[in-house]
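Going down the list, the protein sequences come from chains W and X. All the letters of the first sequence, read from the start, carry residue numbers 27 to 140 under this note's numbering. All the letters of the second sequence, read from the start, carry residue numbers 5 to 239 under this note's numbering.
Keep in mind that a hint or two might mislead.
From the structure, some residues in chain W lie toward chain X, with a derived Cβ separation under 10 Å [claimed, not checked]:
(1) 55
(2) 69
(3) 71
(4) 83
(5) 84
(6) 121
FYI, nobody ran anything at the bench for these hints, they're computed from the structure. We treat Cβ as the ideally placed atom computed from N, Cα and C, and that holds for glycine.
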Amino acid sequence: MEGEILKGHLDMIVLAALSAGPAHGYAVIEEIRRRSGGAFDLPEGTVYPVLHRLEQAGLLTSRWVTADSGRRRRVYGVTKRGDRALAERREVWEKFSEAIGALLGGTGPCKAPA
Amino acid sequence: MQSPGVIDDYVGRLARKLDFDRSMCRRVCREVQDHLRDAAAADEPADVAAAERRAVANFGDADAVAAQFAIISLAKRSRTMSSASIVGIAAVFIAMKGRVAWYATVAETAGSNLKSIAGIVGSIDRYTFWFSVIAGIGCWLYIGSRPFPSAFDSVFRKQLDRLFLASMVMIAALMTSVFSDGVLTAVRFSDTGFSTGFLVPIFSMAIEIVCVGLLALHIRETARRTARIAALLNA
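Only chain W is shown next, with the shape it has when bound in the complex (with noise of 0.2 Å):
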């Protein structure tokens, strides 16, 4: 069940966690993994798709580097236009997490009429 409710945030969880600045695919897993405290153990392969879908809505951009190990690297960055989409879902997940927050938090059921 938590991997269906992770599924329809993939897109903001990559992009925040790219936030901080350009990584590679295996770091952006470390870094949610290491953000969410262990508790976003994706199977990693569903990162990668996001990262290119992301890259193709021109959300992120991406780029080859050679490591100092020698080994060419694809490092992502996130364009100014995913700066404004994490910030609007943000701002939508803000909302919803307070809604549900109140929701299951509050009151308790209401009484049927007399």
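Fit chain X to the known structure of chain W by using the hints.
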């Protein structure tokens, strides 16, 4: 750390699934291979084979990963197809206008015997061409205004169906227009006889035919790729 085969096998399987889009396949396989080697290196260094098996298991099923990339490839291809339509129509227009300008330069007009036929065919040419322009721009605006799909769901299928329908209408209209151009050029030939000056209209006609042919092939290839990807996703 050289793989004893687990990672290579996995990447090879992914490559076979993604062979319908070679540039994407190369890039994805490279990234996945890098990822799996990093993951295996960060795991237990004493047992390389076990570390690689865990890296592959954590990455997920190759078929499921390939299916996600297939959707991206298809969405990209449909956008490229609509852009290619605009470029193709523009190329035909330039070739057509170039020929008309050349006729004006050499003060060439259709002979009186065939003027009525030329008039009818010219109208067909004009209307079908502008119809193809409207259909082409419509395709481009339609697919460009849709959000990038994340699933091969009924919404995306409907978008593709509409795009293919509009593309078929567009290419049929453009083919009719180019065919009409060919008839008009032949009418001029039959009236004035062949001369070396006719190499210019023949050349412009060749450009039009090549453009329409390439565009039709591109649409056909996109339709074939859609069918392949649909089969992959439904498998």
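Okay, the hints, checked on the actual structure:
1. 55: Nearest chain X Cβ about 8 Å off; hint holds.
2. 69: Interface hint status for residue 69/W: holds (4 Å vs cutoff 10 Å).
3. 71: 4 Å, holds
4. 83: Where the cut-off is 10 Å and the nearest Cβ of chain X is about 4 Å from residue 83/W, the hint holds.
5. 84: It holds, given that the least Cβ distance between residue 84/W and chain X is near 9 Å, below 10 Å.
6. 121: 21 Å, violated
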